[in-house]
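Protein chains: 2
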Amino acid sequence: MKNRVVTISREFGSGGRTIGRKLAEELGIPCYDAELIQQLAQESGFSEDYIRDAGEYAPGGYLSLLSNRAFALTNEDVLWELQYKVITDLAEKGPCVIVGRCADYILRDTADCLKVFIHADMGFRAKRIVEVYGEREQSPEQRLKDKDKRRAAYHRFYTNMKWGHAQNYHICLDSGKLGIDSCVEILRQLY
Amino acid sequence: MKNRVVTISREFGSGGRTIGRKLAEELGIPCYDAELIQQLAQESGFSEDYIRDAGEYAPGGYLSLLSNRAFALTNEDVLWELQYKVITDLAEKGPCVIVGRCADYILRDTADCLKVFIHADMGFRAKRIVEVYGEREQSPEQRLKDKDKRRAAYHRFYTNMKWGHAQNYHICLDSGKLGIDSCVEILRQLY
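Listed in order, the protein sequences are those of chains A and B. Residue numbers 3 to 193, in our numbering, belong to the letters of the first sequence in order. Residue numbers 3 to 193, in our numbering, belong to the letters of the second sequence in order.
Keep in mind the hints are simulated off the structure, nothing from the lab. Just so it is clear, the structure is predicted and the values come from calculations on it, not from any experiment. One thing to keep in mind: the hints can contain errors.
In silico DSSO-like cross-links for lysine-lysine, where the CA-CA straight-line distance does not exceed 30 Å [stated by the list, open to error]:
#, chain 1, residue 1, chain 2, residue 2
1, A, K179, B, K179
2, B, K147, B, K164
3, A, K179, B, K129
4, B, K4, A, K179
5, B, K95, B, K4
6, A, K164, B, K151
7, A, K4, A, K164
8, A, K24, A, K129
9, A, K151, B, K179
10, A, K129, B, K164
11, A, K151, A, K179
12, A, K151, B, K151
13, B, K87, A, K179
14, B, K24, B, K95
15, A, K164, A, K179
16, A, K164, B, K149
17, B, K4, A, K164
18, A, K149, B, K164
19, A, K151, A, K164
20, B, K179, B, K87
21, A, K95, B, K179
22, B, K95, A, K179
23, A, K164, B, K179
Could you put together the complete structure from these sequences and hints?
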């Protein structure tokens with residue numbers, strides 16, 4: 003039987019990672035966030051066997067074309083393939099929450115996923131990133147626009163799906179309007 | 003103080019209207035859908051059938067907009083204005099659920115709205131429209147594509163907002179995956 007996995011995509015500053023952590027804590031299951039997955043992927047990248055295995059998980063289309071010409075892979079492509087394998091392995095191990103890294107797409111056939119998207123308006127997110135990450139030279143609004151654009155492009159490139167399109171998720175929540183704890187509660191009940 | 007209103011946008015066949023009615027019943031507040039159309043008909047003098055049809059159709063392309071607007075409002079524009087007034091009046095009267103008719107956009111400044119979008123995959127909706135509305139000459143899939151396209155165009159024309167974009171709503175729910183009763187329960191608790 004497939005494991006139940008919650009995948010969370012989120013706008014930068016929307017509190018998606020916090021929601022994922024709190025939800026996992028309440029459900030008593032592990033939460034893997036983007037940073038952790040990237041770290042696992044990079045660590046595993048030292049093993050040639052792992053890279054070869056990871057290659058088997060490459061999605062079709064453009065990337066698989068790249069995979070056939072190994073010399074043409076960019077660092078991002080290699081990392082994507084490693085992440086692909088890490089995420090598939092984690093979901094096979096047991097129920098969990100996975101934040102970011104296109105996990106919804108990666109697990110579309112291998113796990114019983116609840117696909118979540120968390121977003122919030124610019125004002126809420128601008129306030130939040132300053133509180134959580136501190137001030138930067140760029141304005142919070144500019145940082146948000148920049149990050150959103152990168153995430154959407156990344157998602158589009160590797161999954162060919164539109165990021166933030168309601169139809170791609172089972173539930174989308176505005177954490178600014180509903181509140182972070184309320185989002186956690188809704189997802190806990192759904193799970 | 004602003005009244006609490008739940009606005010429900012929905013894909014054709016997703017059960018959005020059923021969810022709205024059940025939710026209103028559980029909350030003990032009115033749900034405006036067919037009633038709203040009736041009221042529009044009375045105020046406008048148009049036939050009820052005309053309004054039901056016209057509500058789904060945005061005026062034609064750019065050229066037709068120019069040629070019509072240069073001289074007078076189209077029937078669709080008059081209908082839009084009437085809907086605008088009726089919906090604003092209903093929301094002023096008291097808490098309620100309003101299904102469709104771009105109510106989320108119309109009430110953006112005049113009510114405390116919970117903006118909901120209900121969607122489901124093609125298979126779920128195709129099965130449902132045959133059950134609810136019966137067979138037609140067109141295939142269910144073609145009817146869905148046609149209706150979705152018209153609704154999206156209508157919404158875009160009058161609100162300049164993208165229909166089905168998660169960021170435009172406080173909560174988006176996949177009624178096919180989550181089930182209609184579960185959607186009602188989530189919204190009831192949020193309200």
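Checked hints:
1. A:K179 / B:K179: 24 Å, holds
2. B:K147 / B:K164: Distance of about 17 Å is within 30 Å: holds.
3. A:K179 / B:K129: The given pair, whose Cα atoms are some 34 Å apart, is violated under the 30 Å limit.
4. B:K4 / A:K179: Holds, because 16 Å separates the two Cα atoms, which is no more than 30 Å.
5. B:K95 / B:K4: 10 Å, holds
6. A:K164 / B:K151: The given pair, whose Cα atoms are some 17 Å apart, holds under the 30 Å limit.
7. A:K4 / A:K164: 26 Å, holds
8. A:K24 / A:K129: 21 Å, holds
9. A:K151 / B:K179: 29 Å, holds
10. A:K129 / B:K164: 26 Å, holds
11. A:K151 / A:K179: The given pair, whose Cα atoms are some 22 Å apart, holds under the 30 Å limit.
12. A:K151 / B:K151: With a Cα-Cα distance of about 26 Å, the restraint between A:K151 and B:K151 holds, given a limit of 30 Å.
13. B:K87 / A:K179: 26 Å, holds
14. B:K24 / B:K95: 20 Å, holds
15. A:K164 / A:K179: 23 Å, holds
16. A:K164 / B:K149: Holds, at about 21 Å.
17. B:K4 / A:K164: 35 Å, violated
18. A:K149 / B:K164: With Cα atoms ~21 Å apart, A:K149 and B:K164 stay inside 30 Å; holds.
19. A:K151 / A:K164: 12 Å, holds
20. B:K179 / B:K87: Given pair B:K179, B:K87 is violated - Cα atoms ~36 Å apart, limit 30 Å.
21. A:K95 / B:K179: 24 Å, holds
22. B:K95 / A:K179: Measuring from Cα to Cα gives roughly 24 Å; hence the hint holds.
23. A:K164 / B:K179: Holds, at about 19 Å.
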